[in-house]
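2 protein chains.
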Amino acid sequence: MATKEGKAFKPGVLLKTPKGTRDWVGADLLLRDHIFNTISNIFKRHGGTPLDTPVFELKEILAEKYGEDSRLMYDLQDQGGELCSLRFDLTVPFARWVAMNNVTQVKRYQISKVYRRDQPAIARGRLREFYQCDFDIAGQCDPMIADAEIMCVVVEVFEALQLDITIKFNHRRILDGLFAVAGVPDDKIRAISSAVDKLDKIPWVEAKKEMVEDKGLPEEVADRIGGYVQHSGNISEMLEFLKSDEKLMANENVKAGVADISLLVSYLEAMDVANKVSFDLSLARGLDYYSGLIFEIIMTPPNIKGPTNPNDLGAPSLESKPRNASSQPQVGSIAAGGRYDNLVGMYGKRPIPCVGISFGIDRIYTLLDVRREKKPSALTQEIDVYVMAFGGKDFGGLLPERMSIARLLWNAGIRAEFSAKVIPKLTQQFKAAKDVPLAVILGEDELAAGQVRLKALGSGDDEAKQKDRGLLIYKKDLVEEVKKLLTAIVQA
Amino acid sequence: MATKEGKAFKPGVLLKTPKGTRDWVGADLLLRDHIFNTISNIFKRHGGTPLDTPVFELKEILAEKYGEDSRLMYDLQDQGGELCSLRFDLTVPFARWVAMNNVTQVKRYQISKVYRRDQPAIARGRLREFYQCDFDIAGQCDPMIADAEIMCVVVEVFEALQLDITIKFNHRRILDGLFAVAGVPDDKIRAISSAVDKLDKIPWVEAKKEMVEDKGLPEEVADRIGGYVQHSGNISEMLEFLKSDEKLMANENVKAGVADISLLVSYLEAMDVANKVSFDLSLARGLDYYSGLIFEIIMTPPNIKGPTNPNDLGAPSLESKPRNASSQPQVGSIAAGGRYDNLVGMYGKRPIPCVGISFGIDRIYTLLDVRREKKPSALTQEIDVYVMAFGGKDFGGLLPERMSIARLLWNAGIRAEFSAKVIPKLTQQFKAAKDVPLAVILGEDELAAGQVRLKALGSGDDEAKQKDRGLLIYKKDLVEEVKKLLTAIVQA
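If you read the protein sequences in the order shown, they are chains A and B.
Position one of the first sequence corresponds to residue 1 (full-length UniProt numbering), numbered consecutively onward.
Position one of the second sequence corresponds to residue 1 (full-length UniProt numbering), numbered consecutively onward.
There's no promise every hint is true.
Stated by the list, open to error - Lysine-lysine pairs mimicking BS3-like chemistry, simulated, CA-CA at most 25 Å apart: (1) B:Lys44 to A:Lys421; (2) A:Lys198 to B:Lys455; (3) B:Lys59 to A:Lys44; (4) A:Lys44 to B:Lys455; (5) B:Lys59 to A:Lys59.
Please keep in mind that the hints were generated in silico from the structure rather than gathered at the bench.
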């Protein structure tokens, strides 16, 4: 019952949802709720407190937090009173809440929609209205402990969702130091950083071209950057590579970043999640407010894991060649985060160090949705019992009696329906009940004796179903018998 | 941890949420989620399918649906592209979805925030951003069956929430007919209807004054209206009263409305909910789109129930005299709805008859919140196990070991925390664990033997807690032992 962005006309009125938005309905929504529940249960395990903030914030609260992405913000019209914008992420509202309430220590989570006037790509799960699902740890603590716990949360979440992921990480201070050592002028650092960040999508020659031709970096500086950011290996090799470079290690930022990462790795090992992380010097991330560790979660590329069964949807390829429609959708990063120690302080309060992760629910949904389509049996059964009645020529429909039985079942928490016709036809009722496991069948004679018929509808053909008249039981035993049969059906 | 609309200044930046909005956090949010779950489980019992629509809709979709309330709509700024407004209710987006997807039959529910630029009154649960929780039945069916099921849903919801309510109902066609028979000119019907609708808040003399002096109705017409709408009694008395008035019954609208209500009552009796409803000729409801049965749910006034214990928060007074702050908050109607058979057709599609109910979650929350404050024990326990360590002079903190134990517990779905200090103090750890039922205590000697200590923290004083060193168990048995103890604690 998915309702994708759709259109229909009548004279004058365009019948659609706004650009980049969609309706969610039925099983789609239940799958999304399942993702929410899975994730929030893990947040709760880690002592997370839920937070819900308004969908719009004062415009000045959001100002100067998002760099050049700010142009994608939705503003509310000035109708008198305060100027507001729709929230752009959940991190800035969280920082506003921390500052406003003088919170000094908290683990909070929030699952809410955010809004960006970006170019939508619905098939890849990129919309203008989309869910984020954030977990953040705020407060003074010893270095890298909270950062390691966030990564552990990431691993637990994707284990629970059965998605095989890799956490790519880097450190803003290492990146800053590395650019400085390579000879990037201060005023070009953000522009060069953004070119480096594209290295997961474009080859080095193109990134270098952008740096040199578009951004005016001397070629030898670009080559020095290339020597660093193209380096790859496991974490201890990467740390050795950095530590062995005396020029780099003479830079205070690089030194501090390397110390942080060495400590982080020891904690990740203690939590048994070190095998899920990968140190990537080319990871830069766009947002202004990150100040330390940064990370991005991708589906583990199959070439890392060796040959992959193309039907194993847990490990899609992220290589850049176009893939056909039947394969795993390419969704890019499915979660991202980092440390932002200065954001709360921007509101004029005491700075509170924070680190957090944001899960891209719509992209995760897109991945799980493909898997679901392969297992139609996983669809939920929406109604347990259909209450029906039939009789001879003078049959009056027994509507009040069907209502009364339905109420009995509803009161017991059983999902029940009946035909909204005074005198329903037998075939109509069986048709309406085709996906329902049980039927209660009323007849005048049985009711007079305080009895009803209960029958499992099973998967036989319609004619067979209609012939079997079911089990005759007393009304007072109905709820108990229904529960027994439902349990048996679930276990079968 | 409630965060009410709050303010704090720094030079230039006002640190607050926008007017009429608030943050929700911690136990407040968990109570709200509990209300959502309770209600949506009942919707599911009735075969409800969830729907989620975008927070904004095209402006022209919302146009001409809300009468004079339209001025309260939030518009998005024109940033190029489509003109949009924040949704004002969930009914119009539902009708848009039905029309856009050519749905002919559905029971759908939606729990989402809606937006109205009204004067906020936070203590009474009236905000500019607030939740609605809607259940609607769309599609052709025999008369009043769906209407009766909606009322049954209402009764089940408030039974589950343990709130003692009354469903006041009326019929738009009876009201229209009654105004026509009384002599109200067609062009004054909406204005007079709105004056009548105030009769739950103001006495008849004031309403009459508004009709005659402000709205120019001849006094004798107003008096005739008064003769009708002030009439009260139980449902069968009310039906008798209407049926005995030949002039009224000569009006086609009144006749059709009376027939509908007679049928409705027989269905409500079959579903055993007739004792919760009350026929109120003065109920009119503001929204344009209602076309048949209308209803509004209020807390049952104590005078209907006889003497009420003032501590029984299930039955607050709704009388108009001001009440002191310590008593039940006055929230007005806590749910409302009705039949709207023409709304879907306004989008140029085949008209689909609909009837639905909208629950005012923030008002229901306000009622339940007062009750919760009386039962602090009902607060949720947020963490199950605190992992701590202590040792002698050379104690290194055992941080990786605490992390490893925490990961073991998290993996088993157990909520666990540990101090984010490399070398935490014993007293700090006990303080942090003060609301936590269990502690796992690590020591170097025990760990060397593959063992840890597990202890119930109970409610003793800090000193006693610190002396008892707990049960010595093997690490491999930890999860099982923790689960056993937690079960025992929950059952105690």
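Practice task
Decide if the proposed pair is consistent with the structure: Lys59 of chain B and Lys44 of chain A, CA atoms, cutoff 25 Å inclusive.
Solution key: With a Cα-Cα distance of about 39 Å, the restraint between Lys59 of chain B and Lys44 of chain A is violated, given a limit of 25 Å.
Exercise for the section: Sort out whether Lys59 of chain A lies within 25 Å of Lys59 of chain B, counting only the CA atoms. Expected result: Cα-Cα ~22 Å, so holds.
Problem - Hinted pair Lys44 of chain B and Lys421 of chain A, Cα distance within 25 Å - result: Roughly 21 Å between the alpha carbons, so the hint for Lys44 of chain B and Lys421 of chain A holds.
Practice task
Given the hint that Lys44 of chain A pairs with Lys455 of chain B, test it: the Cα-Cα distance must not exceed 25 Å.
Solution key: holds, 22 Å
Practice task
Below or equal to 25 Å on CA atoms is what counts here, so check Lys198 of chain A against Lys455 of chain B.
Solution key: violated, 52 Å
Of the numbered hints listed earlier, those contradicted by the structure are 2 and 3.
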